[in-house]
Amino acid sequence: DGGITQSPKYLFRKEGQNVTLSCEQNLNHDAMYWYRQDPGQGLRLIYYSQIVNDFQKGDIAEGYSVSREKKESFPLTVTSAQKNPTAFYLCASTEGFVKNTEAFFGQGTRLTVV
Amino acid sequence: GEDVEQSLFLSVREGDSSVINCTYTDSSSTYLYWYKQEPGAGLQLLTYIFSNMDMKQDQRLTVLLNKKDKHLSLRIADTQTGDSAIYFCAEGGGDYKLSFGAGTTVTVRA
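Heads up: the protein sequence lines correspond to chains A and B, in order. Here the first sequence stands for residues 2 to 115, where the numbers follow our numbering. Here the second sequence stands for residues 349 to 458, where the numbers follow our numbering.
Be a bit skeptical, because a hint or two may be false.
Anything over 10 Å on all C-beta distances counts as not near chain B; from chain A, calculated [what the hints assert, rightly or not]:
| # | residue |
| --- | --- |
| 1 | 20 |
| 2 | 27 |
| 3 | 63 |
| 4 | 70 |
| 5 | 74 |
| 6 | 103 |
| 7 | 106 |
| 8 | 109 |
To list a few chain A residues with every Cβ distance to chain B over 12 Å, as calculated [said to hold, decoys possible]:
| # | residue |
| --- | --- |
| 9 | 17 |
| 10 | 43 |
| 11 | 44 |
| 12 | 45 |
| 13 | 53 |
| 14 | 72 |
| 15 | 73 |
| 16 | 78 |
| 17 | 80 |
| 18 | 81 |
| 19 | 104 |
Chain B side only, calculated, beta carbon under 8 Å to chain A, not exhaustive [stated by the list, open to error]:
| # | residue |
| --- | --- |
| 20 | 389 |
| 21 | 454 |
| 22 | 458 |
These are calculated hints, taken from the structure and not from any lab test. Note that CB positions come from ideal geometry on N, CA and C, so glycine has one too.
Just chain A, same shape as in the assembly (with noise of 0.2 Å):
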């Protein structure tokens, strides 16, 4: 079955620490997401990638950085620099890059600062 998918479901950092947050699709999709989501509020776009080996910063990038090295994948590490890490992260891929394309999500990580 075609999908995204999220590891760890939890994840749990100490203070100092970078974390990884994975991200894989295979439903051949050019543009994925990273979101971070709070309670509360809606989804903040961390960064965004259009197509392999090109990202760009979304809303809130500060602490946090992504590399596209392969289509299918799309890593987000969270650095020390970010203050307050604990979120819940979903990761999402469109088909295209228009806006009228269904996003599709995984089924997000929750990061814990322990």
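Place chain B on chain A using the hints.
The following block gives chain B in isolation, referenced to the frame of chain A:
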């Protein structure tokens, strides 16, 4: 910039209709979407409406769009316990991005 607002909570009795409202500010929005999120899961597209439409019906779901007032609503007929979830309104504006509301938590009571 884009701004999407929706009420945070809705409680409805099983079998009644649910109506979730949303307002948006970007007049260049081409498509407007409703997504559903069940606990601990990602978002799933429920339905969408093109900006030149007033209404779209899909089984138990009815979407109404008032483009003049930038108001979007989702009506769920005969609400069931499986409809308990968070519902997000989103708009696809003048660029690539989807802008999401904060989500409305719908609780269905017996």
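Structure versus earlier hints, numbers of those that do not hold, lowest first: 6, 7, 8, 10, 11, 12, 19, 21, 22
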